[in-house]
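Asker: Based on these hints, arrange chain B on the given structure of chain A.
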Amino acid sequence: MTTTALPDEFDRRLIIATQAGLPLVPRPYDLLAEQLGVSAEVVKARLAAMLESGRIRRIGAVPNHYAIGYTANGMSVWDVDDAHIARLGETIGKLDFVTHCYERPRALPDWPYNLFAMVHGHDRATVLAHIDEIAALLGPDCRRHDVLFSTAILKKTGLRIGNDG
Amino acid sequence: MSRPAPTSLDELDRRIINALQGGFPIVDEPYWEVAASLGTTETELLARIQRMLEARVLTRFGPMFQIERLGGRFVLAALAVPEERFSDVTERVNALPEVAHNYRREHALNMWFVLATETPDGIEAATRRIEADTGLKVFAFPKLQEFFVDMRLKA
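If you read the sequences in order, they're chains A and B.
Here the numbering used here is used: the first residue of the first sequence is 1, the next is one more, and so on.
Here the numbering used here is used: the first residue of the second sequence is 1, the next is one more, and so on.
Think of the hints as simulated: they come from the structure by calculation, not from any bench.
Treat the hints with care, as some may be off.
Said to hold, decoys possible - Only some residues are given here: those of chain A computed to face chain B with a beta carbon under 10 Å:
#1 ARG12
#2 VAL25
#3 VAL42
#4 ALA45
#5 VAL62
#6 HIS65
#7 ASN73
#8 GLY74
#9 LEU88
#10 GLU103
#11 ALA107
#12 PRO109
#13 ASP110
#14 ASN114
#15 LEU154
The beta carbon of each residue, even a glycine, is placed where N, CA and C say it ideally should be.
Chain A extracted, bound-state conformation:
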């Protein structure tokens, strides 16, 4: 995969200029270029390069999932055989109702689960039906599982770099 490298000074300034959002003006890259003292061509080329290298996942909108009707959000957690987790994770990650899927360490004895899959749905029944689909796919490779529904968002800000506050 792509190697991790610290952003150079220009990329860092570009991140700081856009982390609150892309300007809502007809020529947003021109405006960023003006703020950063470079040409729009440089801004567009750097953004394209960061997309290409995976430093930017995508340029786009993040909907608030509650606001668009996905009011049930279940973090499903699974205790699967370590030897098969790569194959199982790929399978579960491909499901269209799974928005994040990771292998994470167990914390025994309190926490036996090593595969996490976030499932969103319009209601709990839908999420639980999706959980059943995952369980069926994992079959005997899964020893036990649980689903943790969220009942409140306590904080949601995202990462901010380079600010003093």
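Answerer: Just chain B now, with coordinates in the frame of chain A:
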């Protein structure tokens, strides 16, 4: 933090949300290009994005940085908070700028948050600080493998 009620979105709002979850063009007049593909005007598109951001239907619009490829770290962590201390502990945990998201979940581990730091060292420091401030053990679940991440949801 309150949840916005499912807002009344019309058909064009939903098409805009779905279109903006794809690749936004890197061209001189990207809003014009997206508007044309949706059969609307640039002015209307910009006004609707603005309105949906203000109403928090959209939490943000712009480049989504993969912070780990930029040297930073994200770590999911959890606490088992005694019910009578829940609001106090929430306040203490949320006070840390490194805490990017925090959710209450139904489980003995009932508080789940994401620590986000500009460098890997910051995670350890934030974890120790939360343990000192709350007297509770932080369960850290750093990701070992990422199989899929895409927050796209059809509106």
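Asker: Is the shortest C-beta separation between A:GLU103 and chain B less than 10 Å?
Answerer: Hint on A:GLU103: holds, closest Cβ of chain B at ~4 Å, below 10 Å.
Asker: Using 10 Å as the Cβ threshold, decide whether A:LEU88 counts as touching chain B.
Answerer: Holds: closest Cβ of chain B sits about 9 Å from A:LEU88, inside 10 Å.
Asker: Does the interface hint hold: is A:ALA107 within less than 10 Å of chain B, judged Cβ to Cβ?
Answerer: holds, 5 Å
Asker: Just to be careful: measuring from the Cβ of A:PRO109 to every Cβ in chain B, is the smallest value less than 10 Å?
Answerer: violated, 12 Å
Asker: Minimum Cβ distance from A:ASN114 to chain B below 10 Å?
Answerer: holds, 8 Å
Asker: Regarding the hint that A:VAL42 lies at the interface with chain B, is the smallest CB-CB distance below 10 Å?
Answerer: Nearest chain B Cβ about 12 Å off; hint violated.
Asker: Verify the interface restraint on A:VAL62: the C-beta must sit less than 10 Å from at least one C-beta of chain B.
Answerer: Because about 5 Å separates A:VAL62 from the closest Cβ in chain B, which is inside the 10 Å limit, the hint holds.
Asker: Is the interface hint for A:HIS65 satisfied, with its Cβ closer than 10 Å to some Cβ of chain B?
Answerer: Status holds, d = 6 Å.
Asker: Once the shortest beta carbon distance from A:ASN73 to chain B is found, is it less than 10 Å?
Answerer: With Cβ-Cβ at 8 Å, under 10 Å, it holds.
Asker: For the restraint on A:ARG12, tell me whether the closest CB of chain B is nearer than 10 Å.
Answerer: Since chain B brings a Cβ to about 8 Å from A:ARG12, closer than 10 Å, the hint holds.
Asker: A:ASP110 was flagged as interface toward chain B. Is the shortest Cβ-Cβ separation under 10 Å?
Answerer: Constraint on A:ASP110 satisfied, holds at 7 Å.
Asker: Please check whether A:ALA45 passes as an interface residue: C-beta within 10 Å of a C-beta belonging to chain B.
Answerer: Constraint on A:ALA45 satisfied, holds at 9 Å.
Hints 3 and 12, counting from the list given before, are not met by this structure.
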